[in-house]
Amino acid sequence: MTEAAEHEEYDVVIAGAGVNGALIAKHLTHAGFRVLVLEAGPGSAWSLDGYSRHLDHFYAAASKGPESPWPPAVAAPQPDTADIRSGAGYFVQSGPDKYGSSYTRAQGGSTLHWLGVCLRMLPEDFELRSRFGVGHDWPLRYGDLEPYYGRAEHEIGVAADVADQAHHGIEFPDGYDYPMRRIPLSFSDQVLADTIDGMRVTLEGESIALQVRSYPAGRNSVPRGAYQPVGAVDADVDRHDMITHLGERCAGNTSCTPICPIEAKYNAGKTLAQADRGKLRVLAQAVVSKVSVDPVSGMVDGIEYQRYADPASPRHTVHTARGRVYVLAAHAVENAKILLASGLGGDHSLIGKGLIDHPALYAWGLSPVPVGAYRGPLSTAGIEDLRAGAFRARHAAFRFDIGNDGWRATTGGPDSSVVDAVTKQGLHGTKLRAHLAATLPRHVRFSLAVEQLRSEANAVTIDPRHVDAMGNPRPVISYHIDDYTTGGMAAAAEVARQVFRQAGIEDCTDPEAGGWFPSVRRDGEVFRYHGMGHFGGTHVMGHRAGESVVDTHQRSWEHRNLYVVGSGSFPTMGTSNPTLTMAALALRTAEHMTEALAARQPIRQGEPSGF
Amino acid sequence: MENRIDRFVRLSALLTGFAQLHLLGTGMAETYLRATDAALPAGVLDELLAAGSPPSAGSASPGGPALPGAAARPGVSALAGGTDPEAAAGQAILGDAKLGPVARTLILLWYRGAWTALPQEWHSAYGAAPRDVDHVVSAEAYQAGLQWDAAGAHPAGARQQGYGAWASPPAALETESAPGTTAVRLPRQAGAPTVTEGARS
Ligand SMILES: Cc1cc2nc3c(=O)[nH]c(=O)nc-3n(C[C@H](O)[C@H](O)[C@H](O)COP(=O)(O)OP(=O)(O)OC[C@H]3O[C@@H](n4cnc5c(N)ncnc54)[C@H](O)[C@@H]3O)c2cc1C
Ligand code: SF4
Numbered sequence: 005m006t007e008a009a010e011h012e013e014y015d016v017v018i019a020g021a022g023v024n025g026a027l028i029a030k031h032l033t034h035a036g037f038r039v040l041v042l043e044a045g046p047g048s049a050w051s052l053d054g055y056s057r058h059l060d061h062f063y064a065a066a067s068k069g070p071e072s073p074w075p076p077a078v079a080a081p082q083p084d085t086a087d088i089r090s091g092a093g094y095f096v097q098s099g100p101d102k103y104g105s106s107y108t109r110a111q112g113g114s115t116l117h118w119l120g121v122c123l124r125m126l127p128e129d130f131e132l133r134s135r136f137g138v139g140h141d142w143p144l145r146y147g148d149l150e151p152y153y154g155r156a157e158h159e160i161g162v163a164a165d166v167a168d169q170a171h172h173g174i175e176f177p178d179g180y181d182y183p184m185r186r187i188p189l190s191f192s193d194q195v196l197a198d199t200i201d202g203m204r205v206t207l208e209g210e211s212i213a214l215q216v217r218s219y220p221a222g223r224n225s226v227p228r229g230a231y232q233p234v235g236a237v238d239a240d241v242d243r244h245d246m247i248t249h250l251g252e253r254c255a256g257n258t259s260c261t262p263i264c265p266i267e268a269k270y271n272a273g274k275t276l277a278q279a280d281r282g283k284l285r286v287l288a289q290a291v292v293s294k295v296s297v298d299p300v301s302g303m304v305d306g307i308e309y310q311r312y313a314d315p316a317s318p319r320h321t322v323h324t325a326r327g328r329v330y331v332l333a334a335h336a337v338e339n340a341k342i343l344l345a346s347g348l349g350g351d352h353s354l355i356g357k358g359l360i361d362h363p364a365l366y367a368w369g370l371s372p373v374p375v376g377a378y379r380g381p382l383s384t385a386g387i388e389d390l391r392a393g394a395f396r397a398r399h400a401a402f403r404f405d406i407g408n409d410g411w412r413a414t415t416g417g418p419d420s421s422v423v424d425a426v427t428k429q430g431l432h433g434t435k436l437r438a439h440l441a442a443t444l445p446r447h448v449r450f451s452l453a454v455e456q457l458r459s460e461a462n463a464v465t466i467d468p469r470h471v472d473a474m475g476n477p478r479p480v481i482s483y484h485i486d487d488y489t490t491g492g493m494a495a496a497a498e499v500a501r502q503v504f505r506q507a508g509i510e511d512c513t514d515p516e517a518g519g520w521f522p523s524v525r526r527d528g529e530v531f532r533y534h535g536m537g538h539f540g541g542t543h544v545m546g547h548r549a550g551e552s553v554v555d556t557h558q559r560s561w562e563h564r565n566l567y568v569v570g571s572g573s574f575p576t577m578g579t580s581n582p583t584l585t586m587a588a589l590a591l592r593t594a595e596h597m598t599e600a601l602a603a604r605q606p607i608r609q610g611e612p613s614g615f
Numbered sequence: 555m556e557n558r559i560d561r562f563v564r565l566s567a568l569l570t571g572f573a574q575l576h577l578l579g580t581g582m583a584e585t586y587l588r589a590t591d592a593a594l595p596a597g598v599l600d601e602l603l604a605a606g607s608p609p610s611a612g613s614a615s616p617g618g619p620a621l622p623g624a625a626a627r628p629g630v631s632a633l634a635g636g637t638d639p640e641a642a643a644g645q646a647i648l649g650d651a652k653l654g655p656v657a658r659t660l661i662l663l664w665y666r667g668a669w670t671a672l673p674q675e676w677h678s679a680y681g682a683a684p685r686d687v688d689h690v691v692s693a694e695a696y697q698a699g700l701q702w703d704a705a706g707a708h709p710a711g712a713r714q715q716g717y718g719a720w721a722s723p724p725a726a727l728e729t730e731s732a733p734g735t736t737a738v739r740l741p742r743q744a745g746a747p748t749v750t751e752g753a754r755s
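Respectively, the protein sequence lines represent chains A and B. With the numbering used here applied, the first sequence covers 5 to 615. With the numbering used here applied, the second sequence covers 555 to 755.
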């Protein structure tokens, strides 16, 4: 069976309609190139009707985890955090530690359920090896990416004030500011800032002052100047402007993860809707299974994909799409999986190797005064001061996320607290109500996200014994959390205790009482951690072919008309959430592709730049 | 004669600490009554309602309003001879091996909008109904959960409080379920056009 997309000629074929794929599609169509986007999951989130069905799914879900509004299609399974405990599910975890993160395979990708924190990486994060003698340096410096960070902040629509963000060596050009004003700090942030700001902690002999600092967020607030906030997408309306007015400002729904009901939070569907749609074709329910390489030239000559009609069934047909240039933008794990399933790389290849995350600890407690928990964007501020410092020569840096969602993530509050009050404490009636009114607004939660260094032993591989319903490989994950990271965990847990003491917060951190999380040990101390959804390192970028999979334009060393994009290209991730950095890289890649395609140079293997 | 739904709401008010009017204002009373009937063996709910009603409920106030403004709650206060009706309900019901677990599940239903399955031992002793499994009653029930009101907050993903409301202190927390308590309390900052950030930020 053939279909229209097979007969058409494209300049660019992109696998994946997440933030990376969408940004590249937007820019290349506006540069005049014809782009085909193949998306594994359903496209339902692209219309308001479809999106509201996802919302209903969330309301009615018994467990309201990150994946709850986004049930996967049989043809495009995805990891689920609940699977980590059961050991079942999409990932095959071969240990020794459990990889705790998940992603979403639906059009729009993982930004459908992300939180939207948009921190830049610190200048020192790009130079870990030269400054601290650990990890790796990037082949790029902060200065190389700075202009693209600014553009990425405007593409995503980031709310923040430069005045808050210029620290740890982060510099902005004169006159620059974010497209929207910072999101107001929550009442909880303000209460904590009152007691915490200025307190000092010591790491490896270095005294560091702490401060509650506003987060840059991919979430609509009050625009600066002429910036027009981008609202919800509706593919069912007039095809020339799919962007609606809904969600032009955050309304405080307190459910950014897993679903913003009004799309005030950025998702990649917004970027895709801004492409030149005369030049764009998006095929949802099309799972890319392999890239095909011409054995003589080494060039990619087609992408094989599996099309399915019914998300509840694995029945599908197989097709091939062709273009001049190919882009894998299917997420760090899926990119590696597609390359491996295509038989590319060979024995010494780095494909799939160097998988990282931000393993994170929770700390939770009861504030002495109400902080107004369970209201507002899930997090509006953090403690950023421990992201940088000389201690990085000894152990990992870390970052505190201050939650506005009470104990939801840690124990399953408020439900768990209600159940506890009724069944364990035996309360009912006005006593019950008064007890809850006196305690729920005092719930405080920190996430302590810890840096992880690249190790080639941490890897995504495939194994013919483990396949999904379509016969595609499931990711087999080897993962170990080393001493550098557990050292950071120990320091982070200690700082959390000090902060709780300083603020008079009763420490209720008790992993046994909380949700189930995997554990890792250090010197007899057990740390329960969870993943932050920050995958990285599976197709690492570098200066030279033997030491990396892609160059600084995320262009494959071996197959010069293939780009492999996303956080898989990161040699290290510092402590910043990865999406803004990958968006900056994607914009840089799109610029490079535009020049190279426009130059119409014949594509030759081994050329350092240009096709 | 007080009808079944009235008796259900009156008992629910004693159990949850929210006024009957507030409970009716959630719009969930009938749905919960149905959900409860479906999840319990026949007759158990009526037994619970009977235990929560004064012996004279039928004759004392024939046709009388069981609702709003019914400041003098007849119900269990009569049963307990004038002591605190809530404490009386506690004695009569929550301590009971058969009715206690059902009443606790009912409290959780109102607070969470979700049914919590009764314990296995309860099933062995008193029988099981097919719908007695953990489940969110409906999308509306989730949003109507009293836990969010108790917290001075709003259900995650719904009934949002408006831009910047999170920067203000939580709404005053009413614990008094006095007559006249409004059924649906508006969040303090709803609709506030501009929000100034705290001076400390
Ligand atoms: C709970 C949670 C919270 C997060 N919060 C933040 C945050 O606050 N800040 C931040 O920076 N990051 C955050 N992240 C991470 C962020 O979501 C991801 O880094 C980002 O979305 C990755 O973008 P991507 O385009 O590489 O991949 P994705 O967004 O996953 O997109 C990949 C796309 O490719 C499609 N695809 C997959 N396989 C195939 C295939 N075989 N063929 C065709 N298409 C395919 C997928 O369906 C998807 O549409 C969070 C993640 C999680 C899980
Ligand atoms: S707080 Fe609410 S409206 Fe704002 S981004 Fe989060 S979910 Fe959307």
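If you're looking for bench data, these hints aren't it; they were derived computationally from the structure. Quick reminder that beta carbons are idealized off the backbone N, C-alpha and C, glycines included. Mixed in with the good hints, there may be bad ones.
With beta-carbon atoms standing in for the labels, derived distance ranges [stated by the list, open to error]:
no.: 1; chain 1: A; residue 1: Glu529; chain 2: B; residue 2: Asp600; range: 54 to 60 Å
no.: 2; chain 1: A; residue 1: Arg155; chain 2: B; residue 2: Ile559; range: 44 to 50 Å
no.: 3; chain 1: B; residue 1: Asp600; chain 2: A; residue 2: Ala86; range: 36 to 42 Å
no.: 4; chain 1: A; residue 1: Met203; chain 2: B; residue 2: Ser678; range: 44 to 50 Å
no.: 5; chain 1: B; residue 1: Glu675; chain 2: A; residue 2: Gly202; range: 53 to 59 Å
no.: 6; chain 1: B; residue 1: Thr637; chain 2: A; residue 2: Ser67; range: 24 to 30 Å
no.: 7; chain 1: B; residue 1: Val687; chain 2: A; residue 2: Glu12; range: 49 to 55 Å
no.: 8; chain 1: B; residue 1: His689; chain 2: A; residue 2: Ala92; range: 44 to 50 Å
no.: 9; chain 1: B; residue 1: Ile559; chain 2: A; residue 2: Asp467; range: 56 to 62 Å
no.: 10; chain 1: B; residue 1: Val687; chain 2: A; residue 2: Ser301; range: 56 to 62 Å
Derived EDC-like pairs: lysine to aspartate or glutamate, alpha-carbon spacing no greater than 20 Å straight-line [said to hold, decoys possible]:
no.: 11; chain 1: A; residue 1: Lys428; chain 2: B; residue 2: Asp650
no.: 12; chain 1: A; residue 1: Lys283; chain 2: A; residue 2: Asp240
no.: 13; chain 1: A; residue 1: Lys428; chain 2: B; residue 2: Asp688
no.: 14; chain 1: A; residue 1: Lys435; chain 2: B; residue 2: Asp688
no.: 15; chain 1: A; residue 1: Lys428; chain 2: B; residue 2: Glu675
Straight-line alpha-carbon gap Lys435/A to Asp688/B, limit 20 Å:
violated, 25 Å
Exercise for review: Using the Cβ atoms, figure out if Val687/B sits within 49 to 55 Å of Glu12/A.
Suggested key: holds, 51 Å
Notebook entry, point to check: Could one say that the CB atoms of Glu675/B and Gly202/A fall in the range 53 to 59 Å?
Noted result: Between Glu675/B and Gly202/A, where Cβ atoms are some 55 Å apart, the hint holds.
Original post:
Is it true that the C-beta distance of Asp600/B to Ala86/A lies inside 36 to 42 Å, as the hint says?
Top reply: holds, 38 Å
>> Between the alpha carbons of Lys283/A and Asp240/A, is the straight-line distance 20 Å or under?
In response: Measuring from Cα to Cα gives roughly 19 Å; hence the hint holds.
* Asked: Would you say the C-beta atoms of Met203/A and Ser678/B sit inside 44 to 50 Å of each other?
  -> 55 Å Cβ-Cβ, so the 44 to 50 Å window is violated.
For this session: Check the following: the C-beta atoms of Thr637/B and Ser67/A are separated by a distance inside 24 to 30 Å.
Result: violated, 41 Å
### Task
Could you say whether the range 56 to 62 Å given as a hint is met by the Cβ separation of Val687/B and Ser301/A?
holds, 60 Å
20 Å Cα cutoff - pair Lys428/A, Asp688/B:
holds, 18 Å
Item to complete: Return holds or violated for the Cβ distance of Ile559/B and Asp467/A against the range 56 to 62 Å.
Response: holds, 59 Å
**Request:** Compare the distance between the alpha carbons of Lys428/A and Glu675/B with 20 Å, and conclude whether the hinted pair is satisfied.
**Result:** holds, 17 Å
Assuming the hint says 54 to 60 Å, is it satisfied by the Cβ distance from Glu529/A to Asp600/B or not?
holds, 55 Å
Of the numbered hints stated above, those contradicted by the structure are hints 2, 4, 6, 8 and 14, listed in ascending order.
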